[in-house]
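Protein chains in written order, with my numbering: chain H, 2 to 337; chain Y, 24 to 564; chain C, 79 to 330.
Careful, some of the hints might be misleading.
In silico lysine to aspartate or glutamate, EDC-like type, Cα no more than 16 Å apart, as pairs [to be verified]:
(1) H:K109 to H:E297
(2) H:K52 to Y:E370
(3) Y:K364 to H:E63
These aren't lab readings, by the way, just hints derived from the structure by calculation. None of the values given here were measured: they were computed from a predicted structure.
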Amino acid sequence: MSIFGIPIFPEQASVFAKDVDALYFFILATCAFFAIGVSIAVVWLGIKYHKTHDGQIGARIEGNLPLELLWSVIPTIIAMFMFGWGASVYYHLRRPPDEALQIYAVGKQWMWKFQHLEGQREINELHIPSGRPVKITISSEDVLHSLYFPAFRTKMDAIPGRYTELWFEAQKPGVYHIFCTEYCGTNHAGMIGSVTVLEPAQYQAWLQGGGMEGTLAQRGAKLFTDLACQTCHLDTGQGRGPSLKDLMGRTEEMQDGTTVVVDEAYLRESILTSQAKVVKGFQPLMPTFQGLISEENLVALIEHVKSLSPNAATTSAPASAGAAGAATTARPAEKK
Amino acid sequence: MLDTLKIPERHYLNNGHGLASWLLTKDHKRIAIMYLISISVMFLLGGLFAMFIRLELATPQGDFVNADTYNKFFTLHGVIMVFFFLIPSIPAVLGNFLIPPMIGAKDLAFPRINLLSLYIYWLGGVFTLAAMVMGGVDTGWTFYTPYSATATNTHVIPTALGIFIAGFSSILTGLNFIVTIHRMRAPGMTWFRLPLFVWAHYATSLVQVLGTPVIAITIVMLFVENAFGFGIFDPARGGDPVLFQHLFWFYSHPAVYIMILPALGVISELISTFSKKMIFGYSFVAFSSLAIAVFGFIVWAHHMFVAGMSTYSAMVFSFLSFSVAIPSAVKVFNWTATLYKGAISFETPMLYAYGFMGLFLIGGLTGLFLATLGMDIHLHDTYFVVAHFHYIMVGGAIMGYLGGLHFWWPKMTGRMYSEFFSRIAAILVFVGFNLTFFPQFVVGYLGMPRRYHSYPDEMQVLNVMSSAGASVLGLGYALPVIYLLYSLKKGAVAGPNPFAASGLEWHTQSPPLTENFIEVPEVVSEPYEYEHAVAKESHLV
Amino acid sequence: MSNTVAHADPHAHPHAHAHHPALQHHFDTMSQQKEAAVIGMWVFLLTEILFFGGLFVAYMIYRVWYFDAFAEASRRLSLFWGGLNTAVLIGSSLTMALAVRAAQTNNRKWTVNWLVLTMLLGCVFLGVKVIEYEDKFANYEVPGANYNWVYHEQHAAAEGHAVEHRPLSQTPEQLQRTTQLYFSLYFTMTGLHALHMIIGVGLMLVITWMAWKGKFDAEYYTPVEMSGLYWHFVDIVWIFLFPLLYLVERHT
Chain H
2 MSIFGIPIFP EQASVFAKDV DALYFFILAT CAFFAIGVSI AVVWLGIKYH KTHDGQIGAR
62 IEGNLPLELL WSVIPTIIAM FMFGWGASVY YHLRRPPDEA LQIYAVGKQW MWKFQHLEGQ
122 REINELHIPS GRPVKITISS EDVLHSLYFP AFRTKMDAIP GRYTELWFEA QKPGVYHIFC
182 TEYCGTNHAG MIGSVTVLEP AQYQAWLQGG GMEGTLAQRG AKLFTDLACQ TCHLDTGQGR
242 GPSLKDLMGR TEEMQDGTTV VVDEAYLRES ILTSQAKVVK GFQPLMPTFQ GLISEENLVA
302 LIEHVKSLSP NAATTSAPAS AGAAGAATTA RPAEKK
Chain Y
24 MLDTLKIPER HYLNNGHGLA SWLLTKDHKR IAIMYLISIS VMFLLGGLFA MFIRLELATP
84 QGDFVNADTY NKFFTLHGVI MVFFFLIPSI PAVLGNFLIP PMIGAKDLAF PRINLLSLYI
144 YWLGGVFTLA AMVMGGVDTG WTFYTPYSAT ATNTHVIPTA LGIFIAGFSS ILTGLNFIVT
204 IHRMRAPGMT WFRLPLFVWA HYATSLVQVL GTPVIAITIV MLFVENAFGF GIFDPARGGD
264 PVLFQHLFWF YSHPAVYIMI LPALGVISEL ISTFSKKMIF GYSFVAFSSL AIAVFGFIVW
324 AHHMFVAGMS TYSAMVFSFL SFSVAIPSAV KVFNWTATLY KGAISFETPM LYAYGFMGLF
384 LIGGLTGLFL ATLGMDIHLH DTYFVVAHFH YIMVGGAIMG YLGGLHFWWP KMTGRMYSEF
444 FSRIAAILVF VGFNLTFFPQ FVVGYLGMPR RYHSYPDEMQ VLNVMSSAGA SVLGLGYALP
504 VIYLLYSLKK GAVAGPNPFA ASGLEWHTQS PPLTENFIEV PEVVSEPYEY EHAVAKESHL
564 V
Chain C
79 MSNTVAHADP HAHPHAHAHH PALQHHFDTM SQQKEAAVIG MWVFLLTEIL FFGGLFVAYM
139 IYRVWYFDAF AEASRRLSLF WGGLNTAVLI GSSLTMALAV RAAQTNNRKW TVNWLVLTML
199 LGCVFLGVKV IEYEDKFANY EVPGANYNWV YHEQHAAAEG HAVEHRPLSQ TPEQLQRTTQ
259 LYFSLYFTMT GLHALHMIIG VGLMLVITWM AWKGKFDAEY YTPVEMSGLY WHFVDIVWIF
319 LFPLLYLVER HT
C-alpha cells in the first residue's frame, strides 16, 4: 500500500500478515477513537471555557466517583480484549505445525546463513515455497541477532548457545526483505538479505539446481564418519555408545535415573557437552565438541541423527518443547 | 501593576557571592540551578548526536559517516539523554527547587547529601564524557551481552562506570525526596493536601530507590566480565545473555517512569493553575502515580518477547503490561474533566500542557500496540518502538520539563520571559516533534529496524520528513535558551505569583529567600483552592 | 548528622536559644531530625538489598542449572576460614550493638571501646578474606584466561598432599567451563561484601573520632545508631553468603 508512491504499508505475504494486520487496524481504530475524542474534547473545552476577565476562577468541582469508575473500567475491558486477541495471534505464531518444512538459520557477524534439508546452503538469501508452512530453527555463532521478515510479520532472536525458532506460511510469490533487528555491531545494518517465495513447482526446480554436496543429512552422515562417531555408535547397540537408530522422540533413561525425551536440544547438548546426560548403561567416554564444531555442522549432524529415525515426525523435537516455550534451550542443564 | 513590582532585596541568589558560595552551598535551590545548567549542557550534547543521526538517515546509503561512527552516535545519544538528561531532568531541577517550598519546608531533609548527589552526577558525567573523548562506545545504550562483554572493542568500561556512578546520584535524590515528603511537611500539610507534583515525585522516588540499585549491580556484573574476564553472562562458559536483559530491564523499564511520572505531576499543576480550578479527582490522580510506579516493576519482560521467552510467560507479561495503561488513561481523563467549567487561559506553560496531552496520548496509546503480543512480534526493535518511546520521553517528559521550567522560571529567577517568543517556541516544538516522530511509526510498521546506519531506498521519503522535522524541533529547543537567558537581565519583574496560582510555593517572594519562608507557614485549606488563601497568613513582600 | 547551623538567620530561628548544638537549621526539633535520619537509613538499606538482590538472582538461576558444578566448586572453599569469619562478624554485630547502647547511656568511654573492637573484628574478617583470595589466586581458581580447574588437585598431588578421591559428577572439561560461573559470582559477591566492610570500617573511624571528641550524648547519637544499622546489614548479607557459597552440598 502506498500514498503518492511512498510505501506506507508492508506487503502482506504470509497467512500471519493478514492476522497481524487485522489486529493492527483494530488497535489503530480504537486508539484513534480515543486520541481524536480526547483531543476534540480538550480543544473544545479550551475554547468554550476560555477565561473572559481577570481574576475569574473556575467552578468548584472536586470529582465524580461514578465517572472515575466508568473511565477506569471501560479502558480495562478494551485492554483485556486487545490482550486476548493479541495473545491468540501470538499463540498461533509460536506453534509450528508438524508438517512444516525445516530450514536452519545461523546468525554470524554480519550475515545470515541458511541450510535446507536437501543440502542447499545460502547466505543472506533464502528460497522457500509458497503455500507451505516453513519452520526456521535459529542459532548464533557469536552475539545476539534477530531474524526478521517484515512481509511475514514475524521475527525471532538468535541467541548464542540456544536454539530458537519461528515459522510462517508464505502465500504470495515474490522477493521480500530479511533484516537483522537485534543490534550486533558495526555492520548491523548490512546484515540484511532477501527471501524469495517460489511457487511449489519452481521451488522443486530450484532445489534440483544446487545440492552438489548432497542433502543436509548426507552431509551430516559424512561428518559422522569424519569425526569417527560410527566407531562407537553402532546400529546394533553393541558399541561403546548407544545406537542412534530410531532415537528421535524416544524417552531415554539416564545414569542418574532421570529420563529425557530425545529432541534437537538434547542432541545438541549431547554433542557439545557429551557428559551432561549419559544414557544408563554407558560410560561417559565421548569427547566434548564444544568449540570444535560449527553451528552449521552441528545442525547437519543433528539432521543425520534425525534421518536415522524415519518413523518420527521431522519436527518432533521443537513441537514438544515448543509447547512449553519457543526456545528449546540447549544449555547443559546439569540439574540433579 | 507589574511595573510597581521590585525584585526583593534579599533572596537565595544574592545570599553569598562567588564560586565557592555555589559549589559549597547546601541550599536546594542553588543545587537545582547547578543541576539545570549541567543537564542543559548534556541535553545540548545529546541533541548534537541526535542531529548527526538524523543527518545520516536523510539518505539511505549511509554516506555521511561510517557505520562505526554512526553506532557510536546513537549509543552516546541514548546514554547521555537517558542517564544524564531525562532521569535527572525534572526531579533534580524542578523537584529539587520546588518540593521544599511546596510542602512548606526550609530545605530537603539532607542538604549535604543533596549537594553530594550533584557531585556524584558530575563525576559520572566525567567518566562518560571521558569515554566519549577516548573514542566512544558502540553497544547501544542497552549494553546487551555478549556483544558488550566480548565482541566490542570500544570503551564500555568507562561508560558503564559513568552510568553506575550517576545512578547513585539518582538514588540519593530519590531517598532525599522520600524522607523530605515524610518528615518535613509544614503544619497542616497533610498527605492529601500535597500538590500532585509532590505525589508524582514521591512515586518517582520510590522507583529511583528500588530500581536503580538493580542496574547498578547489573553494571557491576558487566564490569567484572569486561575488566577481569569473569563470565557471568558468557554463553561460552554456560552463562545466559538473556539474564542480562532481565536484570537490565528490571531497572530500565521502571526508569521510563522516572522520566515520565514527574512530567505527569507538572502537567497536573499546569492544568489546574491555568483553568483556575481544583484538579478533578485529586485522589485518583495521586494514586494513579503510585499505581504506575508499582505496575512499572512487573512488566519489564515485554522488552524480551522475541528473545526466546516461553509462550506463557510472554502472555503473563503482556497482560501485566496492559495494567499500566489504566492509571495513565485515568490521568488523561481527569485532566480533561478539570478543564470543564474552568477559567482557561493559554500562557506558554499551558501551551506545553496541551501539547503534552496530545503527545502523551499518542505515546501511551502506541504502547498498546507493543503490549499486544501478536503485534509486538512484528514491531519489536523497529522504528515503531523508537517513535513510541520518543513520544513518551521527548513528547512527554521534555514537554513536561519545558512547561514546568516556563511555569516556575519567574519563581526561580524573579523575572518573566518574553511571552511572544516562548509561545512561538512551544508551537515549534509541538509541530517539529510530530513531524520528526510520526513518520517513524509508519516506517516502523514498514519494517525499518532501529539502529540501522543504512536502509532500503523505498523508506527514504519518510526518513527525510523525519529529518526535516528534527531541524524544526532543534529550532524550538534553541529559542528558549536565548529568551530565557535574556530574561535574566531584561525580563519584567515577575512578583511573587505572576500566574495567580494556588500552591504554597507562590506564597513566598520570587526569587525566594534561602529559607524559603520568613516563618513556617501553616496550611489550612485543601490543595488547588482558588476561593481561599492557602496559608493562614501570606508573607508576601 | 551535622552539628553546624548554616545560613543562620534570626528570623528563621525564633527559638534559637533552646536548640541542641547538633540540630540543623532546617529541622524544627531533634526528634524530627532523628526520624528523618532513621527513615533515610532504612530507605538506603532497602536500596542495598536490591543491589545485592541482582547477584542473588543470578546465583539462584545458575545454581539450579549447574548444581553439580556449584557443589564441586564450593568444596574448594575452606569451611574453617568461612566459619571463623562468620563467627567474627556475628561477634562484631554484638560489639556494635553494645556501642550503640553505650552511646545511648552517655557512656563515652565504652562507646569508643566497643567501636574500636568492632573495627578490629571487621579488620580480622578482611584479613581472613585476603588469605582466602590469596589461595584462590595461587590455585588458578580466579575465572578468566588463567582459570584452571584441575590445577588444585594436580598441585596437591605433586606436593605430596593427600588428595581426596571422590567420584566427580562431571568431567574436568565440563567443570572447567561452568565452575567459572560459580567463582565469578563468588568473587563478585564476596568482593562487594568486602567493599561494604571497608566502607563500614572507614565510617566507624569517623564515628569513633566523633565519639572520642564527645559529640554524642543521650539526646544525640544518631550517627552511631546509623552506622550500627549499616554494620548489621553488612553482617546479614554475609549470613546469606556463607551458606550459599560455602555450604552448597556439605551434607553429603
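Point to revise | Broken hints, by number | key: none
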